[in-house]
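Participant: Residue numbering for the sequence shown is 25 to 497, as defined by this note's numbering.
Source of the hints: derived by calculation from the structure; they are not laboratory data. Incorrect hints may have been included.
[To be verified] Within a straight-line C-alpha distance of at most 30 Å, the following computed DSSO-like cross-link-like pairs (lysine-lysine) qualify: (1) Lys79 <-> Lys201; (2) Lys79 <-> Lys332; (3) Lys332 <-> Lys376; (4) Lys144 <-> Lys201; (5) Lys332 <-> Lys55; (6) Lys376 <-> Lys420; (7) Lys258 <-> Lys187; (8) Lys144 <-> Lys487; (9) Lys236 <-> Lys332; (10) Lys406 <-> Lys332; (11) Lys130 <-> Lys144; (12) Lys406 <-> Lys487; (13) Lys258 <-> Lys79; (14) Lys406 <-> Lys130; (15) Lys406 <-> Lys420; (16) Lys236 <-> Lys487.
In this text the structure is predicted, and so the values were computed from the model without any measurement.
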Amino acid sequence: MMRPTMLAAAVHACVLLVAFVSPGSAEAPAKLNVLFIGVDDLNNHLGCYGHPLVKSPNIDRLAARGVRFDRAYNQFPLCSPSRVSLLTGLRPDATRVFDLATDFRKETLPDVVTLPQLFKTNGYRSIRIGKMFHYGVPGQIGTDGLDDPLSWDEVHNPRGRDKDVEAQVEFLSAKQKSLGGSPCWLVAEGSDEEQTDGLIATEAVRQLEEHKGGPFFLAVGFFRPHTPYIAPRKYFDLYPVDQVGLPSEPAEERADIPQPALTSAPNLGADDARAREARRAYYASITFMDAQLGRVLDALERLGLAEKTIIVFWSDHGYLVGEHGLWQKQSLFEESARVPLLIAAPGQARGKASPRVVELLDIYPTLAELAGLTPPSGLHGKSLVGLLADPEATHKAGAYTQVRRGGGNYGVPIMGRSVRTERWRFTEWGEAGTRGTELYDHSVDPREHTNLALDPRSLDQIKELRALLHAAE
Numbered sequence: 025m026m027r028p029t030m031l032a033a034a035v036h037a038c039v040l041l042v043a044f045v046s047p048g049s050a051e052a053p054a055k056l057n058v059l060f061i062g063v064d065d066l067n068n069h070l071g072c073y074g075h076p077l078v079k080s081p082n083i084d085r086l087a088a089r090g091v092r093f094d095r096a097y098n099q100f101p102l103c104s105p106s107r108v109s110l111l112t113g114l115r116p117d118a119t120r121v122f123d124l125a126t127d128f129r130k131e132t133l134p135d136v137v138t139l140p141q142l143f144k145t146n147g148y149r150s151i152r153i154g155k156m157f158h159y160g161v162p163g164q165i166g167t168d169g170l171d172d173p174l175s176w177d178e179v180h181n182p183r184g185r186d187k188d189v190e191a192q193v194e195f196l197s198a199k200q201k202s203l204g205g206s207p208c209w210l211v212a213e214g215s216d217e218e219q220t221d222g223l224i225a226t227e228a229v230r231q232l233e234e235h236k237g238g239p240f241f242l243a244v245g246f247f248r249p250h251t252p253y254i255a256p257r258k259y260f261d262l263y264p265v266d267q268v269g270l271p272s273e274p275a276e277e278r279a280d281i282p283q284p285a286l287t288s289a290p291n292l293g294a295d296d297a298r299a300r301e302a303r304r305a306y307y308a309s310i311t312f313m314d315a316q317l318g319r320v321l322d323a324l325e326r327l328g329l330a331e332k333t334i335i336v337f338w339s340d341h342g343y344l345v346g347e348h349g350l351w352q353k354q355s356l357f358e359e360s361a362r363v364p365l366l367i368a369a370p371g372q373a374r375g376k377a378s379p380r381v382v383e384l385l386d387i388y389p390t391l392a393e394l395a396g397l398t399p400p401s402g403l404h405g406k407s408l409v410g411l412l413a414d415p416e417a418t419h420k421a422g423a424y425t426q427v428r429r430g431g432g433n434y435g436v437p438i439m440g441r442s443v444r445t446e447r448w449r450f451t452e453w454g455e456a457g458t459r460g461t462e463l464y465d466h467s468v469d470p471r472e473h474t475n476l477a478l479d480p481r482s483l484d485q486i487k488e489l490r491a492l493l494h495a496a497e
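Let the sequences and hints guide you as you build the complete structure.
Facilitator: Shown next as structure tokens:
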């Protein structure tokens with residue numbers, strides 16, 4: 025028979041054990057929050073990516089607390105196809121979204137579980153502020169745009185004074201005056217907080233304060249630097265026009281490039297002075313957006329949430345500002361396919377850069393793994409968690425980007441498909457490259473000025489890369 029003192033000790037030990045394993049105990053791990061920051065039309069002209077002029081102190085400080093991905097690529101350099109791909113974890117050939125009008129939920133993927141929807145159904149408060157799925161910019165600012173209601177518990181659509189002054193914008197070219205579809209800009213009056221992105225930051229801070237107990241999936245979608253490049257005057261003053269350079273393009277650079285590669289948003293005859301004004305405005309918009317990001321990061325730190333929150337910062341695609349004589353997106357050149365991508369997560373590497381090729385598709389499985397959630401089967405991306413622990417680790421052989429050309433000189437739509445490895449970019453236009461091919465060696469030609477596809481010495485390299493390109497189909 026157990027003595028009373030022994031019995032008391034045993035009961036005490038059992039109580040301690042029950043307390044330790046109880047789901048409500050202090051030892052139960054808390055769920056990590058997610059701050060998911062998407063930016064519209066932002067390229068890699070940023071301080072943390074080595075740009076000598078652009079001021080992006082808050083993006084830079086986010087890079088200092090996480091991992092910067094130096095070779096990150098979007099899957100389709102146009103807003104809606106890229107965002108649907110990222111948020112569903114599926115390639116555009118699976119989403120069947122190749123334009124700005126297709127509603128994936130109604131037309132192609134009615135039962136898909138989106139990234140925010142996964143968190144929503146697992147006990148997170150899922151909140152959207154601004155642009156996450158597609159909005160027509162600037163026309164649909166202040167509306168739901170082409171949103172997916174199943175993804176969110178709560179949505180907010182700020183509309184700032186920038187919407188009221190759109191008639192005053194200046195266009196890069198007199199031949200191209202499509203508001204939202206052409207490079208244009210305006211030096212804005214008023215404070216940051218009165219602009220749409222300023223209102224987005226204000227709402228994001230309010231949401232952090234309200235839901236600081238977590239867990240939350242807070243998606244913050246900034247509109248700038250999407251055209252029209254509208255920002256308060258103080259941001260334009262940071263970039264004297266005479267300090268804004270233009271890309272240097274070899275005189276014969278376009279001669280060996282297939283025509284489909286050169287049909288997206290050409291300069292249309294704007295002179296160098298006008299081009300400098302446009303680049304200045306684009307940079308001013310970046311720094312303005314960066315300041316709004318800073319307000320959100322400040323709140324995260326003030327509320328003690330920084331070490332409890334996974335932060336992902338991404339752009340939906342890159343953006344050309346005169347490279348190859350082109351502006352904007354829908355190109356398969358590096359400047360359009362490459363994107364900034366930063367991830368800061370508790371317990372992961374800080375202030376590191378990864379040279380590995382990654383895709384926006386990889387974000388979905390990464391967040392699911394970091395949060396301990398089971399993602400849907402059949403995602404096309406690969407988790408980046410290994411690179412967050414060791415940024416030099418192996419990841420994948422190549423990143424894939426595609427774009428569609430339709431109508432006009434082509435008669436029927438054709439697809440351009442590109443694969444990027446750490447050294448090479450290989451592109452085919454039309455079925456099996458019937459409308460042209462491109463090959464660039466980034467070890468000696470990072471600006472993609474010399475197309476090696478017609479060089480007989482490239483045949484073996486092309487064969488290898490063509491096999492890699494078609495492996496994604």
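Participant: Work down the list of hints and note, for each, if the structure agrees.
Facilitator: Hint check results:
{"no.": "1", "hint": "Lys79 <-> Lys201", "in the structure": "holds, 28 Å"}
{"no.": "2", "hint": "Lys79 <-> Lys332", "in the structure": "holds, 28 Å"}
{"no.": "3", "hint": "Lys332 <-> Lys376", "in the structure": "holds, 20 Å"}
{"no.": "4", "hint": "Lys144 <-> Lys201", "in the structure": "violated, 41 Å"}
{"no.": "5", "hint": "Lys332 <-> Lys55", "in the structure": "holds, 8 Å"}
{"no.": "6", "hint": "Lys376 <-> Lys420", "in the structure": "holds, 19 Å"}
{"no.": "7", "hint": "Lys258 <-> Lys187", "in the structure": "holds, 19 Å"}
{"no.": "8", "hint": "Lys144 <-> Lys487", "in the structure": "violated, 45 Å"}
{"no.": "9", "hint": "Lys236 <-> Lys332", "in the structure": "holds, 10 Å"}
{"no.": "10", "hint": "Lys406 <-> Lys332", "in the structure": "holds, 24 Å"}
{"no.": "11", "hint": "Lys130 <-> Lys144", "in the structure": "holds, 20 Å"}
{"no.": "12", "hint": "Lys406 <-> Lys487", "in the structure": "holds, 25 Å"}
{"no.": "13", "hint": "Lys258 <-> Lys79", "in the structure": "holds, 13 Å"}
{"no.": "14", "hint": "Lys406 <-> Lys130", "in the structure": "holds, 27 Å"}
{"no.": "15", "hint": "Lys406 <-> Lys420", "in the structure": "holds, 8 Å"}
{"no.": "16", "hint": "Lys236 <-> Lys487", "in the structure": "violated, 53 Å"}
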